[in-house]
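Undergrad: Sequence:
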Amino acid sequence: MMNRTDELYGLVRFLRIQPYCEWGNFRADIKTSLEKGSKMIREDGMRKLQALLKAILLRRTQESKIDGKVIFELPQKTINMEHVVFDEDQDEFYRALESKTQLKFNKYLKAGTVGKSYSHILVLLLRLRQACCHPHLLKDFAEPAAGLSEEELLDFAMQLGEDVVARIKAEEGAFSCPICLDGVENPAIFLPCGHNACSECFARITSDPSRGEEGYKCPNCRGKLDPKRITDYNSFKKVHMPDAPEDEDGPFAKEEAYASSDSESDEDEEEDLDGFIVPDDEVEGSGSDRSKQKPKKSKGKERRADRPPKQKKTLAQLRREAHRNLAAKRRYFSRLCKDWVTSAKVDRTMGLLRSIQKNDPTEKTLVFSQFTSLLDIVEVPLAREDIEYTRLDGSMSVDMRNDAVNRFIDSPTCNVMLVSLKAGNAGLNLNAASQVIILDPFWNPYVEYQAIGRAHRLGQTRPVTVSRILVKKMGSEDQHHTVEDRIMALQQKKEHLITQALDEEAGKSLSKLTIQDLAFLFGVRAPAGSH
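Here the sequence shown stands for residues 1 to 531, numbered as in this note's numbering.
Treat the hints loosely; a few may be bogus.
Taking lysine-lysine pairs in the BS3-like style, the calculated list, with each CA pair at most 27 Å apart, reads [stated by the list, open to error]:
(1) 104 <-> 169
(2) 224 <-> 237
(3) 237 <-> 104
(4) 31 <-> 237
(5) 77 <-> 493
(6) 169 <-> 224
What follows is a set of in silico ranges between Cβ atoms, one per label pair, in the way DEER data are often shown [as the list claims (entries may be wrong)]:
(7) 111 <-> 40: 44 to 50 Å
(8) 55 <-> 88: 32 to 38 Å
(9) 111 <-> 355: 16 to 22 Å
(10) 103 <-> 66: 41 to 47 Å
(11) 159 <-> 103: 35 to 41 Å
(12) 406 <-> 48: 30 to 36 Å
(13) 244 <-> 429: 26 to 32 Å
(14) 327 <-> 66: 52 to 58 Å
Hints are computed from structural coordinates only; laboratory data are not their basis.
Remember, predicted model here, so these are calculated numbers, not experimental data.
Glycine included, C-beta positions come from ideal geometry on N, C-alpha and C.
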């Protein structure tokens with residue numbers, strides 16, 4: 001049960017557990033109570049869910065006991081909150097963005113349209129969370145990791161049916177991923193159904209070779225899903241909404257933050273990479289005689305000179321193409337290195353890694369983030385400082401993931417693994433690591449606990465240290481400095497309710513945020529009586 005309580009209903013119906021094998025009873029007593037009721041009704045729904053799970057589940061945890069003794073004992077786990085402070089530019093950027101999103105949320109609040117605008121609001125929160133990590137995350141990486149060219153994405157957008165086009169237009173750009181429930185600005189859109197998912201979840205569900213003849217399924221309608229027949233919302237707008245206005249967020253939505261101001265082309269970047277290797281014939285032919293020779297121009301080159309300069313690709317486009325082949329990946333990383341700037345979180349992460357390496361060169365560290373683009377940014381200083389690392393995210397095939405895990409476990413020099421929180425929070429045994437760094441908090445605390453559990457698990461012989469990196473505004477005396485501190489406070493509130501249920505899985509039903517929760521996250525007050 002990952003996203004909604006009604007996912008439990010199929011199992012209850014299959015087992016014919018009365019009275020909840022009847023949809024009407026399950027919906028009234030559990031689903032509706034937990035998702036739409038008042039606080040008192042939600043607590044009553046939780047008690048009913050607890051009673052149901054207690055009756056049908058057999059559960060074992062790290063704290064479970066047999067004859068008064070725990071099943072197994074693990075080394076001590078220590079969780080540290082590492083608060084860092086924005087630099088002046090990042091602080092100014094975050095404060096401006098926060099003020100803008102608060103104004104937008106207040107408009108929804110006063111109009112009573114928070115429920116209808118839920119996906120829009122999740123995107124506003126997504127931008128605040130991204131700004132806490134690195135300002136460049138807001139737009140530079142908004143392309144789905146599909147490995148398709150821009151022409152292919154546009155072509156598939158044109159193939160969508162009229163009814164599907166009308167439905168997507170009605171969404172008005174308000175998308176939330178049906179798998180992780182997070183807001184997403186530019187989702188991958190599947191053909192022919194037109195349903196969508198965020199790029200990370202799309203990559204994860206389409207990288208499992210065990211599907212075999214069954215194939216991949218749309219997470220929404222369960223229709224057949226071809227990973228090579230998709231488009232994205234940006235391409236959809238170019239085809240079906242060419243006159244749509246740009247995102248009114250202006251500077252916060254422009255790709256210019258990471259695009260270089262110079263006019264050099266991608267060919268120039270290729271030359272920069274290849275310039276370190278000089279062919280033998282050029283070395284042998286160098287000298288005064290060579291300098292006197294006039295190069296011969298082909299007709300093709302003359303025609304090329306008459307053409308307008310090729311428009312430079314954005315970092316987002318290069319990142320999308322990086323999944324196609326190694327050369328494209330090198331181009332993307334070259335641009336990323338060239339335009340790279342640090343952030344408060346990246347600096348603190350590198351400081352922690354240096355300290356860990358200095359104290360014990362054999363100790364291994366897992367670095368988790370929800371944003372694979374942030375992991376890309378962290379790769380740059382790791383490479384520059386010759387810190388050997390590996391990586392695991394949803395875009396990798398099963399074989400690539402296995403190779404990454406084996407290298408991390410077996411290599412005495414590979415002591416850092418960058419892990420996507422969505423792809424690596426469950427089902428992995430990474431107890432070779434005893435240090436865990438979490439770069440950004442998630443709504444649901446149990447997603448993070450599962451990630452920590454990759455290291456703090458059976459077979460671990462060292463004490464485990466977890467470092468949660470949170471960011472503060474400059475000179476702020478507010479207890480909840482940024483949206484991250486408010487997320488942590490919300491985690492504690494939800495965890496208190498979750499502990500009343502039978503297990504962590506029951507708590508995942510509380511992933512949907514109430515109006516009061518949303519108002520708290522934006523730092524504004526919700527009207528009394530709103531839920």
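Undergrad: Against this structure, judge whether each hint is valid.
TA: Against the structure, the hints:
no. : hint                    : in the structure
1   : 104 <-> 169             : 21 Å, holds
2   : 224 <-> 237             : 24 Å, holds
3   : 237 <-> 104             : 23 Å, holds
4   : 31 <-> 237              : 35 Å, violated
5   : 77 <-> 493              : 22 Å, holds
6   : 169 <-> 224             : 23 Å, holds
7   : 111 <-> 40: 44 to 50 Å  : 27 Å, violated
8   : 55 <-> 88: 32 to 38 Å   : 58 Å, violated
9   : 111 <-> 355: 16 to 22 Å : 50 Å, violated
10  : 103 <-> 66: 41 to 47 Å  : 57 Å, violated
11  : 159 <-> 103: 35 to 41 Å : 39 Å, holds
12  : 406 <-> 48: 30 to 36 Å  : 45 Å, violated
13  : 244 <-> 429: 26 to 32 Å : 47 Å, violated
14  : 327 <-> 66: 52 to 58 Å  : 57 Å, holds
In the structure shown, a violation is registered for the earlier hints numbered 4, 7, 8, 9, 10, 12, 13, in ascending order.
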